[in-house]
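Starting from two chains that each stand alone, build the complex the way the hints lay out.
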Amino acid sequence: KNQVEQSPQSLIILEGKNCTLQCNYTVSPFSNLRWYKQDTGRGPVSLTIMTFSENTKSNGRYTATLDADTKQSSLHITASQLSDSASYICVVSANSNYQLIWGAGTKLIIKP
Amino acid sequence: DSGVTQTPKHLITATGQRVTLRCSPRSGDLSVYWYQQSLDQGLQFLIQYYNGEERAKGNILERFSAQQFPDLHSELNLSSLELGDSALYFCASSARDRVAEQYFGPGTRLTVT
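Chains as they are written, first to last, in our numbering: chain A, 1321 to 1432; chain B, 3 to 115.
The hints are simulated quantities; they were obtained by calculation from the structure and are not laboratory data. Careful, some of the hints might be misleading.
Unchecked claim - Not everything, but these chain A residues come out facing chain B in the computed CB check (under 8 Å):
hint, residue
1, Arg1362
2, Gly1363
3, Pro1364
4, Ile1369
5, Gln1419
6, Trp1422
7, Ala1424
8, Gly1425
Claimed, not checked - In silico negatives: residues of chain A with every beta carbon more than 12 Å from chain B:
hint, residue
9, Pro1328
10, Gly1380
11, Ser1400
12, Gln1401
13, Lys1431
Unchecked claim - With a Cα cut of at most 30 Å, we get these calculated DSS-like pairs of lysine-lysine:
hint, chain 1, residue 1, chain 2, residue 2
14, A, Lys1391, A, Lys1321
15, A, Lys1337, A, Lys1427
16, A, Lys1427, B, Lys59
17, B, Lys11, B, Lys59
18, A, Lys1377, A, Lys1337
19, B, Lys59, A, Lys1391
20, A, Lys1427, B, Lys11
21, A, Lys1321, B, Lys59
22, A, Lys1377, A, Lys1321
23, A, Lys1391, A, Lys1337
24, A, Lys1427, A, Lys1391
25, A, Lys1391, A, Lys1377
Even glycine gets a Cβ: it sits at the ideal position worked out from N, Cα and C.
The shape of chain B in the complex, shown without the other chains (with noise of 0.2 Å):
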């Protein structure tokens, strides 16, 4: 047990719909990372939280927006859902920027129908 969790662990959704996901770090930890991994695809880097501030950009839709908030907990939107969207999202956090060790949660699974 990494000390990360997220929730839902799945979701089943329409397409155009919008779902959220939310994630708590380990106690301590400052940063929040999203990763989406799609059906037997590398993990993609979306969006790093660091202290309640967004700190790194990756392949992050505009569809998709997230935020942490000030006890650390982190959600991340997904909106106008496509089929394509489907896969884990997993969350991951640190002690510090850059050179820190990052523990990932369990992952979303998210389906869209």
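This is chain A alone, in the form it adopts within the complex (with noise of 0.2 Å):
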């Protein structure tokens, strides 16, 4: 069964500090994953897409690794800001249909 965990669910931390989000997944056979980011009550937005190919990806702070041996992807976020309090949301798609498979989300506090 394709699925995609996330952990961990919620995470609290302390303005400037680096934290990592990890995302495990069994979705066969494989042909992209991306990260999003949503604000409470808004609209999930991409920060980003990598396909098997690909094992690292950076977006400002936010850096993405993926293991395509392991299925195991990671999100870095680096000197963190407190806009960057929201729920962070692994989503990986299948060669063999349409469909995203979509992992429940890491909540992110960042504290002052």
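Printed below as a string of structure tokens:
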């Protein structure tokens, strides 16, 4: 069964600190993996999209990694800011169909 | 601003009623996706249309239906509403199937009383 699991479920860190969010998937055959940021009550916004051949991708202070062998991805946030408080969602696309498999998300809270 | 518009922003209705949510995709995007997000829950994929045709179905109830019109806007119809249907409903659009970036609208918040 195609699944995407994220950890931790929630995370609280102090402003300025770094953090890493994890995503494990069992989607096959794999097409691409995306990380989205969702502010409360708003639509998700794409941070990165990675295909099988890409193992790291950056978007400002966000860096995503992908290990297609172990089927794991991480999202590293550097020098966190209060505006980083949001849910971060890992989404995996399978080659075999048109659907995206959404993780439940990690709720990140940045405290001053 | 993603370029995807959704109306209305808020909708309050009673159990048993029927409502229609509307979505206009970004200019040039052919695919439209509908998602449901209940309070403090993850996004649940409902249905996808591509250039007017249904392309993929997720966890969409039989009481719900959708369509995409020739001008590419889409409508999600929810009928026989129940309290549990209260949620944020998001529409997203993308230029192509599968691998393309999805752009999300601001959502419609539905409250069923």
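Q: Any hints from earlier that this structure breaks? Give me their numbers in increasing order, please.
A: Hints that this structure does not satisfy do not exist here, as all of them hold.
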